[in-house]
Amino acid sequence: MAVEVNEQALEDQLYQLIVNASTDLPPDVVSALESARRREPEGTPAKNVFGMLLQNVDLARKEHTPICQDTGTNIYYVDYPSGTSTRQLQRIIEKATERATANSILRPNSVDPVTGKNTGNNIGADHPYTHFEESENDELVFHLMLKGGGCENVSTQYKLPDSSLEAGRDLNGVYKTVVDAVQKAQGLGCAPGVIGVGIGGDRATSHLTAKKQLFRKIEDKNSNPELANMETRLYKDLNSLGIGPMGFGGKTTVLGVKIGAANRVPASYFVSIAYMCWADRRHSLTVKNGEVIYD
Amino acid sequence: MINLQLPIQEDAIRELKVGDEVLISGTMITARDAAHKYLIEEKPDFIRPFLENSLIYHCGPVVKKTDDEWSFVAAGPTTSIREEPYEGKVIDDYKVRGVIGKGGMGDKTLAALHDHGAVYLHAIGGLASYLAKTVKSVQDVFMLEEFGVPEAMWVIEVEEFPAVVTMDSHNFSLHNRIKDHSASVAQKLIHPVS
Numbered sequence: 000m001a002v003e004v005n006e007q008a009l010e011d012q013l014y015q016l017i018v019n020a021s022t023d024l025p026p027d028v029v030s031a032l033e034s035a036r037r038r039e040p041e042g043t044p045a046k047n048v049f050g051m052l053l054q055n056v057d058l059a060r061k062e063h064t065p066i067c068q069d070t071g072t073n074i075y076y077v078d079y080p081s082g083t084s085t086r087q088l089q090r091i092i093e094k095a096t097e098r099a100t101a102n103s104i105l106r107p108n109s110v111d112p113v114t115g116k117n118t119g120n121n122i123g124a125d126h127p128y129t130h131f132e133e134s135e136n137d138e139l140v141f142h143l144m145l146k147g148g149g150c151e152n153v154s155t156q157y158k159l160p161d162s163s164l165e166a167g168r169d170l171n172g173v174y175k176t177v178v179d180a181v182q183k184a185q186g187l188g189c190a191p192g193v194i195g196v197g198i199g200g201d202r203a204t205s206h207l208t209a210k211k212q213l214f215r216k217i218e219d220k221n222s223n224p225e226l227a228n229m230e231t232r233l234y235k236d237l238n239s240l241g242i243g244p245m246g247f248g249g250k251t252t253v254l255g256v257k258i259g260a261a262n263r264v265p266a267s268y269f270v271s272i273a274y275m276c277w278a279d280r281r282h283s284l285t286v287k288n289g290e291v292i293y294d
Numbered sequence: 000m001i002n003l004q005l006p007i008q009e010d011a012i013r014e015l016k017v018g019d020e021v022l023i024s025g026t027m028i029t030a031r032d033a034a035h036k037y038l039i040e041e042k043p044d045f046i047r048p049f050l051e052n053s054l055i056y057h058c059g060p061v062v063k064k065t066d067d068e069w070s071f072v073a074a075g076p077t078t079s080i081r082e083e084p085y086e087g088k089v090i091d092d093y094k095v096r097g098v099i100g101k102g103g104m105g106d107k108t109l110a111a112l113h114d115h116g117a118v119y120l121h122a123i124g125g126l127a128s129y130l131a132k133t134v135k136s137v138q139d140v141f142m143l144e145e146f147g148v149p150e151a152m153w154v155i156e157v158e159e160f161p162a163v164v165t166m167d168s169h170n171f172s173l174h175n176r177i178k179d180h181s182a183s184v185a186q187k188l189i190h191p192v193s
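Just so you know, the protein sequences line up as chains A and B, in that order. Per numbering that gives the first Met the number 0: the first sequence ends with 294, consecutive numbering throughout. Per numbering that gives the first Met the number 0: the second sequence ends with 193, consecutive numbering throughout.
No false leads were mixed into what you were given.
To give an idea of the interface, some chain A residues facing chain B are shown, with a C-beta separation under 8 Å as derived from the structure:
| id | residue |
| --- | --- |
| 1 | V48 |
| 2 | Q54 |
| 3 | L58 |
| 4 | C67 |
| 5 | L164 |
| 6 | C189 |
| 7 | G241 |
| 8 | C276 |
Worth flagging that the hints you see were computed from the coordinates, not collected in a lab. C-beta atoms are modelled at their ideal positions from N, C-alpha and C, and glycine is treated no differently.
Let the hints inform the model, and build the full structure from the sequences given.
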């Protein structure tokens, strides 16, 4: 059954969702940063970095200013009930985006790659990026992530087998690619990052699977026991690399590792690594029977 | 903590060492991808006074205009390595005393820091609201129409802007050290001796 969409109300709610995403770091990420701070010895740049990051998070929340000036690619996953117009939803998302840009909640971040011109309002081809999925439930759910360019630039993809890593087509091979990718990223993705891994799929769905993992909360445990073990093993080993916050050296290089899998064809075995910066800005909005829930 | 007052001279820069934590005050200018290409290809003379004995900040801010005044709302550093093809030449040609950014830079820039007496200062990525508070005023902006807000060159006055020296004028780079160490750990994880 379609739910009735009140355009003005939904635009206001989506605007609030963007404000939450840009200015209010989710509690699970904040607590991961607090634990990371406790682990670093007094008087080190790493300890000071975590202290300042947490001050910045507080300041952004209190003053409703962006946690990071790179308000990124705005990625929406929308679950909608049967019969709702996705074009209408797209239009409302665009209106909320324009408003958030005009109010300095989002930076004008959309550049035409041919002309080099910034559109000035964050609207352009595939901007904001939306992915709609029809759901069984009579509710609208918007998941939003703001993903900055620095961490997107260190995200990468491998094709197994990989002879230089001696990585075969199995989970041990996957493990090696993730260690390699995080070591190569150094502090460039604004470490400590959250690492989304996509195993299998084709070139595009492999990246998509990796990125989708980033919507999981830090404490979320994989329902597949083999992948859950691999997440724990990678978390521990990646933090032994010593890269630390900003690449200054330290005990925390990643805040979490989340792995997903998509079926592949026999000829291909891709591993995609989606790096999300410490400013892991993801929030959701659920509209159900007139009730509005932000998470 | 070391206080750096801009404009700054070569001898003060030469005293800085990798690992020093600094607080920067004075007038500097933002420049990122489009601006670096412009500085090298067009060689605009009007910009020279803003660069000489000052610092370049790799930053694309979120800004606000109230009446006729600009202010910075969010202003953390952007990744510096993209400017590697240009930075050494920019330091040489415009007599810049250093750059502020994130992630560090490569060997060409490290050599330029050594040859011309300049320094690489690492700001904290994602510290945008905090760093915007250290920007006391926006004094001017260039190439706003051509490059857009993030890529324009903003002349800003800062007070106690925090950063860490990660590449100095004596050929030392913290980034090289961390990279070497983490590579040796990764090597053992990827190729365990059985």
